[in-house]
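Engineer: Spelled out from the first residue to the last, the chains are:
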Amino acid sequence: MIKQFGYFLEIVKGSLITTRHFVVNMFFHILNLVGIKTKRKGAVTRQYPEAPIEVARRHRSLHRLMLREDGKPRCVVCMLCATVCPSECIFIEATEDPDPEIQKYPSNFIIDLNRCCFCGFCVEACPEDAIRMDTGEVELARYSRGDLVYDLEKLTG
Amino acid sequence: MSDILILLIKIVAALVWFLVLTLYLTWLERKESAIMQDRIGANRADFFGIRVIGLFQPFADAIKMMFKEDFTPTFSRRFIHNLAPFVAFFFTAVTVQAIPFGDVLRVGGKEIKLQVLDIDVGILFILAMLSFTVYGVLLSGWASNSRWTLLGGLRGTAQLVSYEVALGLSLIGLVMVFPSLRFSSIVNYQGELLFGWLPQWGILLQPLGFIVFLFASLAESERVPFDLPEGESEIVGFFTEYSGLKWGLYMFTSFMKVLLIACLLTTLFFGGYHVPWLNPDGFHFPWGGEWLLPHGIVVLFQIIMFNVKVIFFCWLQILIRWTYPRFRYDQLMDFGWKFLVPLSVINIVATAIVMTLLK
Amino acid sequence: MVKIYINDREIEVKEGTTVFHAALDAGIPIPHFCYHPAFAPEGTCRMCLVEVEGMPKLELACSLQIREGMKIFTQNERVREARRGVLEFLLAEHPLDCPICDQAGDCKLQDYYEEYGLFDSRFSEVKDKRGKKIRLGKYLLHDQERCVLCRRCVRFLREVTGTGEMGVFERGGHTKVDTYEEGQQVDNNYSGNLAQLCPVGAITDTDFRFQTRSWFLEAGESICPLCSRGCRITIQAHRGFARFKLPKRVYRIKAVDDPLVNGPWICDKGRYGYSYLDENRATRILKKGESSPDWQEAIDWLSASILRLKHRNRLERVSVVLSSRLSNEELFLAKKLFKDDLGVGRVFFADAPPEEGDDMLLTPDRVPNTRGARELGWEDVPVDMEALNRETDLLLMFGPDFENAHSLSDILGCFEQIETTVLLTPFDGSLSSQVDLLLPTTPVAEKAGSLTNIDGVLRNFQPALPALGHSRAEWSLLIDLGKALDLRFQYYSRLSSPEAVFQEMTGEIPFFEKNVE
Ligand code: SF4
Ligand code: SF4
Ligand code: SF4
Ligand code: SF4
Ligand code: FES
Chain A
-18 MIKQFGYFLE
-8 IVKGSLITTR
2 HFVVNMFFHI
12 LNLVGIKTKR
22 KGAVTRQYPE
32 APIEVARRHR
42 SLHRLMLRED
52 GKPRCVVCML
62 CATVCPSECI
72 FIEATEDPDP
82 EIQKYPSNFI
92 IDLNRCCFCG
102 FCVEACPEDA
112 IRMDTGEVEL
122 ARYSRGDLVY
132 DLEKLTG
Chain B
4 MSDILILLIK
14 IVAALVWFLV
24 LTLYLTWLER
34 KESAIMQDRI
44 GANRADFFGI
54 RVIGLFQPFA
64 DAIKMMFKED
74 FTPTFSRRFI
84 HNLAPFVAFF
94 FTAVTVQAIP
104 FGDVLRVGGK
114 EIKLQVLDID
124 VGILFILAML
134 SFTVYGVLLS
144 GWASNSRWTL
154 LGGLRGTAQL
164 VSYEVALGLS
174 LIGLVMVFPS
184 LRFSSIVNYQ
194 GELLFGWLPQ
204 WGILLQPLGF
214 IVFLFASLAE
224 SERVPFDLPE
234 GESEIVGFFT
244 EYSGLKWGLY
254 MFTSFMKVLL
264 IACLLTTLFF
274 GGYHVPWLNP
284 DGFHFPWGGE
294 WLLPHGIVVL
304 FQIIMFNVKV
314 IFFCWLQILI
324 RWTYPRFRYD
334 QLMDFGWKFL
344 VPLSVINIVA
354 TAIVMTLLK
Chain C
1021 MVKIYINDRE
1031 IEVKEGTTVF
1041 HAALDAGIPI
1051 PHFCYHPAFA
1061 PEGTCRMCLV
1071 EVEGMPKLEL
1081 ACSLQIREGM
1091 KIFTQNERVR
1101 EARRGVLEFL
1111 LAEHPLDCPI
1121 CDQAGDCKLQ
1131 DYYEEYGLFD
1141 SRFSEVKDKR
1151 GKKIRLGKYL
1161 LHDQERCVLC
1171 RRCVRFLREV
1181 TGTGEMGVFE
1191 RGGHTKVDTY
1201 EEGQQVDNNY
1211 SGNLAQLCPV
1221 GAITDTDFRF
1231 QTRSWFLEAG
1241 ESICPLCSRG
1251 CRITIQAHRG
1261 FARFKLPKRV
1271 YRIKAVDDPL
1281 VNGPWICDKG
1291 RYGYSYLDEN
1301 RATRILKKGE
1311 SSPDWQEAID
1321 WLSASILRLK
1331 HRNRLERVSV
1341 VLSSRLSNEE
1351 LFLAKKLFKD
1361 DLGVGRVFFA
1371 DAPPEEGDDM
1381 LLTPDRVPNT
1391 RGARELGWED
1401 VPVDMEALNR
1411 ETDLLLMFGP
1421 DFENAHSLSD
1431 ILGCFEQIET
1441 TVLLTPFDGS
1451 LSSQVDLLLP
1461 TTPVAEKAGS
1471 LTNIDGVLRN
1481 FQPALPALGH
1491 SRAEWSLLID
1501 LGKALDLRFQ
1511 YYSRLSSPEA
1521 VFQEMTGEIP
1531 FFEKNVE
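Residue numbers (the working numbering), protein chains in the order written: chain A, -18 to 138; chain B, 4 to 362; chain C, 1021 to 1537.
Next comes chain A alone, as it looks inside the complex (with noise of 0.2 Å):
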């Protein structure tokens, strides 16, 4: 009896926490509805579409090909990518490049985003800086998976 009247005051204690956040929530709803200007609002809810939250600068977001200078891909298809990508997402078909100071490129690049589980290691593994992350993109639902096979177009457009 005694511990059930123990628990009965913690029930209490708890109603008084939720009662607590109720009414200085609603404090402030009132103050900001009527016009008055608080530091504190009575949510921290952020209304999402209408204000996006700024992606971290290193967040992991869509991936993009960097290119050289001459606008080809800086990629040189040494599959380390690909090989580390934990999801085997990436698949690289490699052609042969006349100058041969470079000999190797990408003829397709894919990453299949519906796979990847942005770890970020392709862009670790790359030894010429070629993958990057940066872009910012997190918006990726799409309405079908083909959309979400990335190509070469697509990565380094």
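No wet-lab data here; the hints were simulated from the structure. Just so you know, not all the hints are guaranteed correct.
Computed cross-link-like contacts, DSS-like style, restricted to lysine-lysine with a CA-CA straight-line distance of at most 25 Å [unchecked claim]:
(1) A/-6 <-> B/362
(2) C/1091 <-> A/85
(3) C/1534 <-> C/1503
(4) C/1149 <-> A/53
(5) A/53 <-> C/1152
(6) C/1158 <-> A/85
(7) C/1091 <-> C/1152
(8) C/1158 <-> C/1147
(9) C/1153 <-> A/85
(10) A/53 <-> C/1091
(11) C/1268 <-> A/85
(12) C/1149 <-> A/85
(13) A/85 <-> C/1152
(14) A/85 <-> C/1147
(15) C/1128 <-> A/85
(16) C/1308 <-> C/1274
(17) A/-16 <-> B/341
(18) A/85 <-> C/1274
(19) C/1128 <-> C/1034
(20) C/1265 <-> A/135
Since the structure of chain A is already known, use the hints to place chains B and C with the ligands on it.
Structural biologist: Just chains B and C with the ligands now, with coordinates in the frame of chain A:
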């Protein structure tokens, strides 16, 4: 003729009040829970670009539910499956007719009671109707012919039946103090003053009875922390197989119960429509001094007071619903049978002793 | 036997070996670029330095002969420091090509840098530019910048092929390996060995160029079936990706050292002719008038056809065309089944026509097991089209060579006279849709068994690749057929693997008993 007209108007008015308030109870629940949790809550339903803090949300919900596919599983017992939500809805909706909203309104020599059904067994009527709502749960649970609904239905029935005992017993003390089962007389007794200054509200005379009634009625409403019949996270509940408007009816019924309980708490324990020290001709303060008011204003005050009290209790119930986790089933039964029922018996005995001593 | 100490461990070795081999036998590999067991030690790369007690300077393990009581240290700080120095000199002139170098992953220079180097470059001068991407032969590209001047290529061309196209030019920091004449090509049938021999990516295959990276490949040992030399090879196949379909499985073939058969070399035909493993393969059972029979149905149908003829006493009207592509075990099973148990009318052999061989490895036969067939007592009876035309009711054909040897119209002409035609082949050809039953089988790379090479050397092999599609090894088919015919069920049930069949063979045929590996 005009009597019947007035009666009809009263019935419709009470029903409309009940339904509209219930509708906005859904909004209140969303908003209140949001504010408790530092959120904003539904605010995006817009009506030609007007958003007004989500006030259109209930309509949006209603429209959505209406246009959702009304899916009846092939393995269900169709007729009963379709009937069940209406049973639950109907028996909850009629209860409001026994609640007094105010005192007598005098219009052109006619006395209109602001209550539809002023019968001498008002309390019994409401308890009886509440018992009928069990059918809604039981029938849906059984007729859907699915394991989850059956479990939900069984749980719901056991819970409602158990707590009805405590609910009934808790009111006996009250009936002993205010020797009547008629709502209007109970409210009128509460209008009197104790020691010449203290409004003689039920909660003051029956604190124990109030506590038992509060918990028992929360359990009757089948909401968290007593939501075992639904228990989304474990068995989904007796309305698993419902969709669209029929599911909406169940949801609506559950909110109507919240409102009904608020009405009962107000009427039985918080003086109903009484404003402290407001007599039919105006305020008479116990410290001397008075503020006479015309009859219409007094009635208006009463109706407003009633609504304020009801909304407060709605708020309280939502607060409770968003604060606590669900009971375990054995705890639920223990709480009902081993705590509330003995407590209500103690309450009856204590009330009897005190009343005998005071005689 | 002499006693020496390597890293304070006492070891007994044969007299006259080098420190390098002594250490290798003791399980202590010594880093090396220039040394190759096929050639005399050259001592040009100085990667194999070890310390020997009592000698003031570090010594070359590859060329130092052991002496009684020698105390050798292969891993102490002095040695490691020296190796680090050698690597630093090599890398001073080495391009940063690993990302585009096909050798990456197999490269000795990379491996040793990982083990002994791991320094940051101190070389701030401009690196010497040399020839890159020079065509060296039909299958070869030469990159002089990546060369570590081990001279293995030069020695191979001088000592093994004797053609000597390449040599070392210039001196000091400008030393390079090049052909004697500008644009000269290495175009013998063994040129591919240069790519395998080069410890770095200086000579690479054009065939493998940019196809994939070596670490994706999984190697399985097998035997080259393209001539009757039966060289030992590893087949390197891609593991595949979860989501992307690759055009092929096999990406390259390398030689495996087998002193009795091929030594460390293989010919270009075997090295680059692997496309048959993925292209034009028969992968599904095809039966006339039926959509997709499974193996059980197909074999039951075949045995029923044979038994029908048996009941009508017409087994002499069954003809079998065997192939020397089959392993010893399969030819043995065929003998048991067709000769001993059924006593079929005619058994022919259809093999690819001999082509020119050479005086190194390549033999004229274009099938692997001609010798094995002889040893098993099969005679090389060429297909008699007349007999097929008139005296055959059921024809069983093994391998693709019968259809390659005769014109399609001739064969189809025969087929009109024959009730039932069955083809067992790994390859999809023009006959696939003409026969009554096509059973897809596996090439050597996908099965287990043994082959006898032209010199009578017996070699076992295990599957290097999984069987493609529905195809199955002939030995298991023959056993299943033997069981289904129910002539000697016990006997065929006992032979559940190529090993069991081989056991049986050694008991029966003395040649195989002599040659057990
Ligand atoms: S972020 Fe990770 S999962 Fe995505 S492509 Fe790069 S390595 Fe693969
Ligand atoms: S790691 Fe970089 S250079 Fe290598 S293939 Fe990937 S993107 Fe290209
Ligand atoms: S030869 Fe070896 S170290 Fe040199 S670029 Fe090729 S892989 Fe890298
Ligand atoms: S090309 Fe290769 S084999 Fe020839 S010397 Fe250079 S590193 Fe050695
Ligand atoms: S391996 Fe001994 S010097 Fe090259």
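Engineer: Looking back at the hints listed earlier, which ones does the structure fail to meet?
Structural biologist: 1, 2, 3, 7, 8, 10, 16 and 19
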